[in-house]
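Here the structure of chain Y is known, so what remains is to put chain S in place on it, guided by the hints.
Number of protein chains: 2
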Amino acid sequence: MKRIITLLAAFSLTGMAAFAQQALGPGTGIISPEINPDHTVTFRYQNRKAVRVQLTGDMLPTQKRTVNYGGREQVMESAGIVDLQEGPNGVWTYTTQPLTGELYSYSFIVDGVRTMDPSNIYQNRDIATWTNIFTLSAEKGDKGWYYEVHDVPHGTVSHVWYDSPVLKAKRRLTVYTPAGYEDNPKAKYPVFYLLHGSGGDEDAWADLGRATQILDNLIAEGKAKPMILVMPNGVYFNQAAPGAAINMFQPTMANSRSQSTEEFELAFPDIMTFIEGHYRVAKGQYNTAVAGLSMGGRQSSALIRRYPTKIGYVGQFSGVVVPEGDDDPALKAVFAAKPKLFYIAVGSADGVKVNSLKLKDYCDQKGYPVEYYESDGGHIWRNWRVYLTQFAQKLFK
Amino acid sequence: MKRIITLLAAFSLTGMAAFAQQALGPGTGIISPEINPDHTVTFRYQNRKAVRVQLTGDMLPTQKRTVNYGGREQVMESAGIVDLQEGPNGVWTYTTQPLTGELYSYSFIVDGVRTMDPSNIYQNRDIATWTNIFTLSAEKGDKGWYYEVHDVPHGTVSHVWYDSPVLKAKRRLTVYTPAGYEDNPKAKYPVFYLLHGSGGDEDAWADLGRATQILDNLIAEGKAKPMILVMPNGVYFNQAAPGAAINMFQPTMANSRSQSTEEFELAFPDIMTFIEGHYRVAKGQYNTAVAGLSMGGRQSSALIRRYPTKIGYVGQFSGVVVPEGDDDPALKAVFAAKPKLFYIAVGSADGVKVNSLKLKDYCDQKGYPVEYYESDGGHIWRNWRVYLTQFAQKLFK
Numbered sequence: 574m575k576r577i578i579t580l581l582a583a584f585s586l587t588g589m590a591a592f593a594q595q596a597l598g599p600g601t602g603i604i605s606p607e608i609n610p611d612h613t614v615t616f617r618y619q620n621r622k623a624v625r626v627q628l629t630g631d632m633l634p635t636q637k638r639t640v641n642y643g644g645r646e647q648v649m650e651s652a653g654i655v656d657l658q659e660g661p662n663g664v665w666t667y668t669t670q671p672l673t674g675e676l677y678s679y680s681f682i683v684d685g686v687r688t689m690d691p692s693n694i695y696q697n698r699d700i701a702t703w704t705n706i707f708t709l710s711a712e713k714g715d716k717g718w719y720y721e722v723h724d725v726p727h728g729t730v731s732h733v734w735y736d737s738p739v740l741k742a743k744r745r746l747t748v749y750t751p752a753g754y755e756d757n758p759k760a761k762y763p764v765f766y767l768l769h770g771s772g773g774d775e776d777a778w779a780d781l782g783r784a785t786q787i788l789d790n791l792i793a794e795g796k797a798k799p800m801i802l803v804m805p806n807g808v809y810f811n812q813a814a815p816g817a818a819i820n821m822f823q824p825t826m827a828n829s830r831s832q833s834t835e836e837f838e839l840a841f842p843d844i845m846t847f848i849e850g851h852y853r854v855a856k857g858q859y860n861t862a863v864a865g866l867s868m869g870g871r872q873s874s875a876l877i878r879r880y881p882t883k884i885g886y887v888g889q890f891s892g893v894v895v896p897e898g899d900d901d902p903a904l905k906a907v908f909a910a911k912p913k914l915f916y917i918a919v920g921s922a923d924g925v926k927v928n929s930l931k932l933k934d935y936c937d938q939k940g941y942p943v944e945y946y947e948s949d950g951g952h953i954w955r956n957w958r959v960y961l962t963q964f965a966q967k968l969f970k
Numbered sequence: 574m575k576r577i578i579t580l581l582a583a584f585s586l587t588g589m590a591a592f593a594q595q596a597l598g599p600g601t602g603i604i605s606p607e608i609n610p611d612h613t614v615t616f617r618y619q620n621r622k623a624v625r626v627q628l629t630g631d632m633l634p635t636q637k638r639t640v641n642y643g644g645r646e647q648v649m650e651s652a653g654i655v656d657l658q659e660g661p662n663g664v665w666t667y668t669t670q671p672l673t674g675e676l677y678s679y680s681f682i683v684d685g686v687r688t689m690d691p692s693n694i695y696q697n698r699d700i701a702t703w704t705n706i707f708t709l710s711a712e713k714g715d716k717g718w719y720y721e722v723h724d725v726p727h728g729t730v731s732h733v734w735y736d737s738p739v740l741k742a743k744r745r746l747t748v749y750t751p752a753g754y755e756d757n758p759k760a761k762y763p764v765f766y767l768l769h770g771s772g773g774d775e776d777a778w779a780d781l782g783r784a785t786q787i788l789d790n791l792i793a794e795g796k797a798k799p800m801i802l803v804m805p806n807g808v809y810f811n812q813a814a815p816g817a818a819i820n821m822f823q824p825t826m827a828n829s830r831s832q833s834t835e836e837f838e839l840a841f842p843d844i845m846t847f848i849e850g851h852y853r854v855a856k857g858q859y860n861t862a863v864a865g866l867s868m869g870g871r872q873s874s875a876l877i878r879r880y881p882t883k884i885g886y887v888g889q890f891s892g893v894v895v896p897e898g899d900d901d902p903a904l905k906a907v908f909a910a911k912p913k914l915f916y917i918a919v920g921s922a923d924g925v926k927v928n929s930l931k932l933k934d935y936c937d938q939k940g941y942p943v944e945y946y947e948s949d950g951g952h953i954w955r956n957w958r959v960y961l962t963q964f965a966q967k968l969f970k
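Protein chains in written order, with my numbering: chain Y, 574 to 970; chain S, 574 to 970.
Please keep in mind that the hints were generated in silico from the structure rather than gathered at the bench.
If you're wondering where the values come from, they're calculated on a predicted model, not measured in any experiment.
Some hints could be false.
Just so you know, same-sequence chains aren't split out, so a pair can sit in one copy or run between any two.
[Unchecked claim] Quick list of in silico lysine to any residue cross-link-like pairs, SDA-like style, CA-CA up to 25 Å:
no.	residue 1	residue 2
1	Lys713	Ala818
2	Lys637	Arg621
3	Lys743	Lys796
4	Lys637	Lys796
5	Lys761	Phe969
6	Lys761	Val730
7	Lys939	Arg625
This is chain Y alone, in the form it adopts within the complex (with noise of 0.2 Å):
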């Protein structure tokens, strides 16, 4: 009770009242986490009452085990788990190895309970989950070095609805302008439509994803092309995130997934002709690109099945369509429209990758001209968050 104690007085001398104002207060007045001069990091938490205080978090080394999926053996990964030790005045403490670049996420287990850190006001929500952040930027250009806000010019980052016609629904959109566009009237801008996963909404590659924040670090190095980024909403009956939407609904993979593709890939030219009447596009094949993770990398491959003349650059992170039968149709017709990039990235422990290698097997088997990257680890956004990186500097050029 001691902290609510504190803050109570805090009122009375404030002359500020009610609970609102417990927000005043001082804060826990722990500094957790402490990133070090040698880029181990410190965690405190203060709690003199519990009796194991432990540490979750994908700074851990991962439980790693062998697992058997579609025939493969792979090395399925899962979080590390680490105890803190009590200190005086109940601080518990843990201090990590050195770590290299890279947004990481965690959280306490306090007596088998999950629980955020109260010191650190920085935290994702994925789906129903929050885990607190901190970034950590090794050296200049690292990983966590693009996931940062750097002092370089911003780009514009905007909630807009627009009408589909096809779902016959407003739905909300978030559109990064780049730096420069207000003060350009003239300039028109190639667009990159960039979709979420699973229980997942248009707030996601913003908010997990670091989307904006690596576009503008690329631009302002001038890694990447200006460009628009589109994020929508890619589950068909959902009008909007959580908070945007009506009803305070609490998202779960049951009301924030599609298991058809089909109502958004028939609806997406919806958004692109919002897209293309209310901002200065660049358009054609040439200025179109698509991307997605998991559930909208299958999307994004099925969207340029689908049109294949409209978009010239498709990425596929941690999901795609599997081809048909020895020939199959639409995907003989994407190569046939000559798309500039045809982007296939996976995890090595993620259960997708068998998919993956097989749309990349048939395409190397036919020829057809494909970037396939596989990285370390699994289904998660720190390897979204790469892809991103890497597919985003191959754009528009």
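Chain S in isolation, oriented as in the chain Y frame:
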């Protein structure tokens, strides 16, 4: 550990791997908060090992006490705290009395430690403190109803960067353009500049204040004019909110407040110049409103004193500039410029009420037309949302 184990099990089933994918688990499986048909609300929290679980929040009766500010006795309030009862499977519960329509904030206190409700993804950050929230709409048109998202046309919410030559910095703004703005390329709109309080930032009014939902709903009901709402960062030495600013700083009262409003006042024309240069603005005094809460109320008060002929509507929520001497020349100039609305609002339990009354009494004595509104409660967001809802309906008519 049960939940973690369940989640890890989920990976092996789905082939998903590693920490981030814990989010692909089923959530807590607990419904909290649950709004019952009689508008009582049931809170649930699962913890098998906790000895005591409490709930604190602004839906509970406040603890009242009388104190003396500036020679005036007034009742101060602080947050109520109640105990949850433990039931089967370590699920702790508490059910409130029937509640009126409102946005409510709460936290659990688990063996003395403030803890988020892991079953409710909805939360707000006020300075350094996250709290869970929920809205309750008792009937159409009550307070809570205006804070919810309804099936009405939605405006666009953009995060844009502007250049401030006065502050020699690029700074971030949150800008709301009303529904229809994009589709009426000839229409021009009045502008309402809305300022946050100490410890806040350019996201505070949208996140904690529900400003965009309030405007969407008021405009849809025909109760407010379509307008552009501009929410700047009022702390002259901060470029942007945490997350959008360089470095993941932890906000505090110290690093997120301006003791002096002068730097912001002098740089305010940079914001107007940017907005008028990049949006379709109906210019002039009677198309310009400024309001703010606490520090932002002082800033609003100071801005109309400094620019009396540029501002036609001013709202001073829980913060004012107290007149100097018997014949304050700045205030005389303000009313010589004939503002259409000079609005002062404060809570009866707010420590700054004494200053608001000084300004009101001074204006009454001078015969300056002011609108004074005194609500219940203290220096809290639930009051500022009410003042915004009132003030926005009086603008540009």
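Taking the hints in turn, this is what the structure says about them:
For a Cα distance limit of 25 Å, the shortest separation of Lys713 from Ala818 across copies, 17 Å, qualifies, whereas the shortest one inside one copy, 39 Å, does not. In this homomeric assembly, Lys637 and Arg621 never come within 25 Å of each other (Cα to Cα): the closest approach is 34 Å inside a single copy and 29 Å across copies. Within a single copy, Lys743 and Lys796 get their C-alpha atoms only as close as 35 Å, which misses the 25 Å cut-off; across copies the closest is 23 Å, which meets it. Taking the shortest Cα distances, Lys637 and Lys796 never come within 25 Å of each other, neither inside one copy (35 Å) nor across copies (60 Å).
Taking the shortest alpha-carbon separations for Lys761 and Phe969, only the intra-copy value of 13 Å comes in at or below 25 Å, while the best inter-copy value is 36 Å. For the homomeric pair Lys761 and Val730, the shortest alpha-carbon distances inside one copy (17 Å) and between copies (22 Å) are both at most 25 Å. Taking the shortest alpha-carbon separations for Lys939 and Arg625, neither the intra-copy value of 57 Å nor the inter-copy value of 66 Å comes in at or below 25 Å.
Violated hints for the displayed structure, listed by number in ascending order: 2, 4, 7.
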